[in-house]
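In terms of our numbering, the sequence shown has 140 at position 140, counting the first letter as 1, and numbering is strictly consecutive.
Misleading hints may appear alongside valid ones.
As the list claims (entries may be wrong) - Taking lysine-lysine and the BS3-like style, the derived pairs with C-alpha atoms no more than 27 Å apart in a straight line are:
| # | residue 1 | residue 2 |
| --- | --- | --- |
| 1 | Lys276 | Lys19 |
| 2 | Lys225 | Lys245 |
| 3 | Lys276 | Lys245 |
| 4 | Lys229 | Lys263 |
| 5 | Lys263 | Lys234 |
| 6 | Lys229 | Lys276 |
| 7 | Lys274 | Lys234 |
| 8 | Lys245 | Lys234 |
| 9 | Lys19 | Lys229 |
| 10 | Lys234 | Lys192 |
| 11 | Lys314 | Lys288 |
| 12 | Lys274 | Lys225 |
| 13 | Lys225 | Lys192 |
As the list claims (entries may be wrong) - Pair ranges (Cβ atoms, derived):
| # | residue 1 | residue 2 | range |
| --- | --- | --- | --- |
| 14 | Phe249 | Gln44 | 56 to 64 Å |
| 15 | Leu306 | Gln44 | 36 to 44 Å |
| 16 | Phe249 | Tyr35 | 28 to 36 Å |
| 17 | Val51 | Phe249 | 39 to 47 Å |
Hints in this document: simulated from the structure, not taken from any laboratory. Glycine residues also receive a C-beta, built at the ideal position from the N, C-alpha and C atoms.
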Amino acid sequence: MDVYVQITGLDSGKTRGVKALLDSGCSTCCIDTDYARSEKLDIQELLQPIVARNADNTENISGQITHYVDLRMRIGPHVETCMFLLTCLGKAWIFIGLDWLTEDNPEVDWQEQTMRFSQCPEQCHMRGHKEHQAMIDMDAIDLDTGAADLEEGESILLTDFGKEVDLQLKETPAQKFAEKAEKEKERMTKGKIPTQYREFVRVFAKESFNLLPDRRTWDHAIELKPGSKAVDCKVYPLSRNEQVKLDEFLQENLASGRIRPSKSPMASAFFFVKKKDGSLRPVQDYRKLNEMTIRNRYPLPLISELVHNLCGAKFFTKLDI
1 MDVYVQITGL
11 DSGKTRGVKA
21 LLDSGCSTCC
31 IDTDYARSEK
41 LDIQELLQPI
51 VARNADNTEN
61 ISGQITHYVD
71 LRMRIGPHVE
81 TCMFLLTCLG
91 KAWIFIGLDW
101 LTEDNPEVDW
111 QEQTMRFSQC
121 PEQCHMRGHK
131 EHQAMIDMDA
141 IDLDTGAADL
151 EEGESILLTD
161 FGKEVDLQLK
171 ETPAQKFAEK
181 AEKEKERMTK
191 GKIPTQYREF
201 VRVFAKESFN
211 LLPDRRTWDH
221 AIELKPGSKA
231 VDCKVYPLSR
241 NEQVKLDEFL
251 QENLASGRIR
261 PSKSPMASAF
271 FFVKKKDGSL
281 RPVQDYRKLN
291 EMTIRNRYPL
301 PLISELVHNL
311 CGAKFFTKLD
321 I
């Protein structure tokens, strides 16, 4: 959820209004490196670098996190000073992460886009007891006002980051460019398909994908190496939208029979990545399972031979590719 916040540098006292992303998928508070430098914030070096990982367990494009900045943050009447780690955040400038949500424990109404601070720790500063219980409208917060000095009794929110920080990035720069290109791409409709190929449209329809093929001799099976032990996995935090998509994914695939309830001791991580069209693609990380799987040993066709067979062809189907 997007929230409007005011951030104030502790050295300069300059206050800026900025839109931040309230996201439990990010394990801590972060600020975009380019934004922090362009605003000339008081950037400090960490004693020990931290590895930043995206939702798919890959390292963030900016590499290790080596710097941070302390900022005074105001959301409506709620004020506190927090530490923000510097990393690449794509479109967002600030992520307000899980450690802040856990520490301040605000009551968020996702439908009304409002937030109530009624369970704040002592280090937070609120302007008046009545405002302490007040609902904050995310779209009505004034970005141009706010004190710049550090209030008495206010403290910095510190977190034991450990060696890694999880970032639930909505999209990487590459995904952003791909999504833009996909929107500008001309859509294929049945009327644009050459007449001689229209009878095959049903082959590529989603309806046929939802039907499982009949059982055959070549049904897929996963055979594990002798002595393989059960594996657990890390649970990736999901945003509200991703949780809705996960529920839809489970309902759809349970109904079609592609998945079924299981008590298997083998667990694999599940998360989402953005597709070219902006929708979410479910991903499961089977690397640990693959390590203990017995490989099928059969000769694969030579790529050079396959390419040679396609020489001179002008039209290709999805099956050819």
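Exercise for review: Could you work out which earlier hints the structure fails to respect and list their numbers in ascending sequence?
Suggested key: 2, 6, 9, 10, 11, 12, 13, 14, 15, 17
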